[in-house]
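Number of protein chains: 2
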Amino acid sequence: MSDLVKVAVDAMGGDNAPEAPVKGAVDALNESESLYIYLTGVKEIVEKELSKYTYPKERLEVVAASEVIETAEPPVAAIRAKKDSSIVVGQTMVRKQQADAFVSSGSTGAVLVGGQVIVGRIKGVERAPLAPLIPTARGMSLLIDCGANVDARPSHLVQFAKMGSIYMENVVGIRKPKVAIVNIGAEEEKGNALVKETFPLLKACENIHFVGSIEARDIPAGDADVIVCEAFVGNVILKLYEGVGATLISEIKKSMLSSLRSKLGAMLVKPALKTTLKRFNASDHGGAPLLGLKGLVVKTHGSASALEIKNGIFQCLQFKEQNIADKIKEHIAM
Amino acid sequence: MSDLVKVAVDAMGGDNAPEAPVKGAVDALNESESLYIYLTGVKEIVEKELSKYTYPKERLEVVAASEVIETAEPPVAAIRAKKDSSIVVGQTMVRKQQADAFVSSGSTGAVLVGGQVIVGRIKGVERAPLAPLIPTARGMSLLIDCGANVDARPSHLVQFAKMGSIYMENVVGIRKPKVAIVNIGAEEEKGNALVKETFPLLKACENIHFVGSIEARDIPAGDADVIVCEAFVGNVILKLYEGVGATLISEIKKSMLSSLRSKLGAMLVKPALKTTLKRFNASDHGGAPLLGLKGLVVKTHGSASALEIKNGIFQCLQFKEQNIADKIKEHIAM
Numbered sequence: 178m179s180d181l182v183k184v185a186v187d188a189m190g191g192d193n194a195p196e197a198p199v200k201g202a203v204d205a206l207n208e209s210e211s212l213y214i215y216l217t218g219v220k221e222i223v224e225k226e227l228s229k230y231t232y233p234k235e236r237l238e239v240v241a242a243s244e245v246i247e248t249a250e251p252p253v254a255a256i257r258a259k260k261d262s263s264i265v266v267g268q269t270m271v272r273k274q275q276a277d278a279f280v281s282s283g284s285t286g287a288v289l290v291g292g293q294v295i296v297g298r299i300k301g302v303e304r305a306p307l308a309p310l311i312p313t314a315r316g317m318s319l320l321i322d323c324g325a326n327v328d329a330r331p332s333h334l335v336q337f338a339k340m341g342s343i344y345m346e347n348v349v350g351i352r353k354p355k356v357a358i359v360n361i362g363a364e365e366e367k368g369n370a371l372v373k374e375t376f377p378l379l380k381a382c383e384n385i386h387f388v389g390s391i392e393a394r395d396i397p398a399g400d401a402d403v404i405v406c407e408a409f410v411g412n413v414i415l416k417l418y419e420g421v422g423a424t425l426i427s428e429i430k431k432s433m434l435s436s437l438r439s440k441l442g443a444m445l446v447k448p449a450l451k452t453t454l455k456r457f458n459a460s461d462h463g464g465a466p467l468l469g470l471k472g473l474v475v476k477t478h479g480s481a482s483a484l485e486i487k488n489g490i491f492q493c494l495q496f497k498e499q500n501i502a503d504k505i506k507e508h509i510a511m
Numbered sequence: 178m179s180d181l182v183k184v185a186v187d188a189m190g191g192d193n194a195p196e197a198p199v200k201g202a203v204d205a206l207n208e209s210e211s212l213y214i215y216l217t218g219v220k221e222i223v224e225k226e227l228s229k230y231t232y233p234k235e236r237l238e239v240v241a242a243s244e245v246i247e248t249a250e251p252p253v254a255a256i257r258a259k260k261d262s263s264i265v266v267g268q269t270m271v272r273k274q275q276a277d278a279f280v281s282s283g284s285t286g287a288v289l290v291g292g293q294v295i296v297g298r299i300k301g302v303e304r305a306p307l308a309p310l311i312p313t314a315r316g317m318s319l320l321i322d323c324g325a326n327v328d329a330r331p332s333h334l335v336q337f338a339k340m341g342s343i344y345m346e347n348v349v350g351i352r353k354p355k356v357a358i359v360n361i362g363a364e365e366e367k368g369n370a371l372v373k374e375t376f377p378l379l380k381a382c383e384n385i386h387f388v389g390s391i392e393a394r395d396i397p398a399g400d401a402d403v404i405v406c407e408a409f410v411g412n413v414i415l416k417l418y419e420g421v422g423a424t425l426i427s428e429i430k431k432s433m434l435s436s437l438r439s440k441l442g443a444m445l446v447k448p449a450l451k452t453t454l455k456r457f458n459a460s461d462h463g464g465a466p467l468l469g470l471k472g473l474v475v476k477t478h479g480s481a482s483a484l485e486i487k488n489g490i491f492q493c494l495q496f497k498e499q500n501i502a503d504k505i506k507e508h509i510a511m
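In order, the protein sequence lines correspond to chains A and B. Mapping to our numbering: the first sequence position 96 is 273, numbers consecutive. Mapping to our numbering: the second sequence position 88 is 265, numbers consecutive.
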C-alpha cells in the first residue's frame, strides 16, 4: 500500500451524492492499480451505495464522518463547527499525510477554507489559489485564481503564475506553458493598479514563459495556457464562461425547434453538435485544483457526475506521481 | 433648424470609414426628419463618398477636419496633438453646443479621453462611464462601466447606477429598470472591498430599483437591466462575452461542416440559427454611450457597419428628445 496514491473522496458532497462520488471512486479504482481510496461520509449510506458495485475491496476504505456541510452554510463557521463532516475528516487525513489528496463536490467555500486552515499552505506560499481548467478552441487553459480570497497583491499573482506553470507542465503535459495576465488591453502601460504593478514582476520572472497581457476576448481562443488574475476577476470569467455558453446553447436549441424545417435540420446536425458542445463543457475535466497546499485538494462542480469525480481522482494521481507539491516548494522558495 | 437634433458623426473613424459612417448618416437622415448631421473629416474624401447618395442636403454639412487619429496612437497625446482630427473637431462642436451629440467608431481611447477633456462632465458627475448594451436572453442589459478609468470608488458606482437607470428607462424604454452589482456570490457579505462598500450605498439609494448582487453566470440570462461594475471588470465581461460567443459559434459552424449529414442539417437550420445569432450580436445595437457628459458621445465598434452607426445616431436622437443630460444633472445633484 505504501506505493499507492491515497485519495480521500468526499462521499457526501455535491448534488449527486452519494451516487456520483461513490461511482466515480469505484470507476477510478477499477481503471488504475496505483490508487487507494478513502470514502469519507456517513458509513451506512456509503456502504449501501458501494454494495451496488464490484471493485478491488483491498484498495477502498470507508472513513466514518457523521456530519454533512451544506452549500448554504457560512464556510468558516461550518468548518469550525462540524469537525466530523466529510470535508473536515477528509482534509484532516491530508494534513496528517494519511491521504495524498482530497476530492470534493461539496460547498466551495468550505473546501477552500478547509484547504487553508486544515490542510495548510506550503511554507512560502502566500495564498492557495483555486485554478480550474477552462475549455478553449485549442484545448484547455488554467484560470488562476478563481477562489474566495479577493483583492490579491502583486506577489500573490507572481506565485499563481509559477504554480500554474508547474501544474500545466506536469499534470496537463503542456511544454513551456504560455503565461498571460488578464488585462483590458495588450499594451504594457494599460491596466488597473494591480496589473500595472504585477506586469514587470512577471516579465522579470525567470522560470515561467510570460507572454504579456491577454484580453478577455482572446481567452476562449486559447491564446495562453496559464491565465493569471485576481480572484474576483477570475470568478467573473469562470462564471460568465458558463453563463454565455449556457444561454447561447439554449437559444440555439430553441431556434432549432422553431420550425419543421429547422427541427429536421437539428436532427441531422445533432451528433456533430453534441461532440462540440461536450468539449466546451467544463464539467468533464475533473474539477479545479486548489494549489499551494501541503497536499492536493480538488474541487469538482456541485453538479459533478461520476465521470468528473473520476477525472478529479486521476488529477490527484498525476499530481502525486509528478511530485507537484515538491516542485512548487522548490520554485516558490527560489 | 433650431428644433432639429444635431449629431456630429466621425466620418474617418473605424475600420469601415468613410463608407460606413457616411452611409449610416445618410440612412439616418432619410429615415428621420428630426435630424441634422455634421460629418467631420477630410472634406474631399467625405464629399466624394457622399456623392454616391441621395439625401436631404439641407440637413447635412461636412465639417472639415484634416487629421485622423489612428487606433494605435496613445489617446491622451493624440487628443492633444491632433486638434484638427475628426474626433477633436466633432467633440469640440458638442462642447460649444453646436452639436448635441457625437458618434464615432474611431479609437476608443481617444473618444473616451476627448469626452472627458473636450466635452466635459456634467457638474457633480465624478466619472463618465462607457455603458454598452449587451444582448441577453430577455433583450438587452446596460453594462456600466466598461471605460478606461479603472479602480473606481464606491461613489462612482452609485452614480453609474443612477445614470444607467435613467438611460435604460428613457432611451431603451424599460420601466423601473432592475439594477444589480456584479459580485462573486449572491450574499451581501460576499465580494471584494469595493463591492462590500458599495452594496449598502446602492441599497440606500432611493431613486433606483436595486435588486442586489448578480453573479456573472446570470448576466446572459438577463436577470438585471443595469449591471454595475468597476471598469476593469466591465471590460473583462464585455470582451469575454464577445470572445465566448465568437469561439462557440465558430466551433459550432466547424462541427456542422464535419460530415455530409451535418452539412445537410446545417442548410436546414441556417435561417433559424441566423436570427438567433444575429440577436446575440452586440454590434447591431448602435454602440455604447459615454454617460455623464455635457452632451452625448456614442462609441460604436471599430468594425461598425452603416447599420450600427445609424442606430448610434438614433440613440442620440432619443437621448436629446428625452433630455437625458438634464435628468442626469437633476438626479446626480440630489
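Take these hints with a grain of salt, some might be off.
Since copy identity is lost for identical chains, a pair holds within one copy or between any two.
[Unchecked claim] Capping the alpha-carbon separation at 25 Å, the derived lysine-lysine pairs in DSS-like fashion look like this:
| id | residue 1 | residue 2 |
| --- | --- | --- |
| 1 | LYS455 | LYS431 |
| 2 | LYS259 | LYS367 |
| 3 | LYS367 | LYS455 |
| 4 | LYS506 | LYS273 |
Just so you know, these hints were derived from the structure itself, not from any lab.
Results for each hint:
Taking CA atoms no more than 25 Å apart as the test, LYS455 paired with LYS431 passes in both settings, with 18 Å inside one copy and 14 Å between copies. In the homo-oligomer, the alpha carbons of LYS259 and LYS367 lie at most 25 Å apart only across protomers (22 Å), although the nearest pairing inside one protomer, at 46 Å, exceeds that limit. In this assembly of identical chains, the alpha carbons of LYS367 and LYS455 never lie at most 25 Å apart, being 36 Å within a copy and 32 Å across copies at closest. Taking identical chains as interchangeable, the C-alpha atoms of LYS506 and LYS273 lie at most 25 Å apart only when both belong to the same chain, with a minimum of 18 Å there against 63 Å between chains.
Hint 3 from the earlier list is the only one contradicted by this structure; the remaining hints agree with it.
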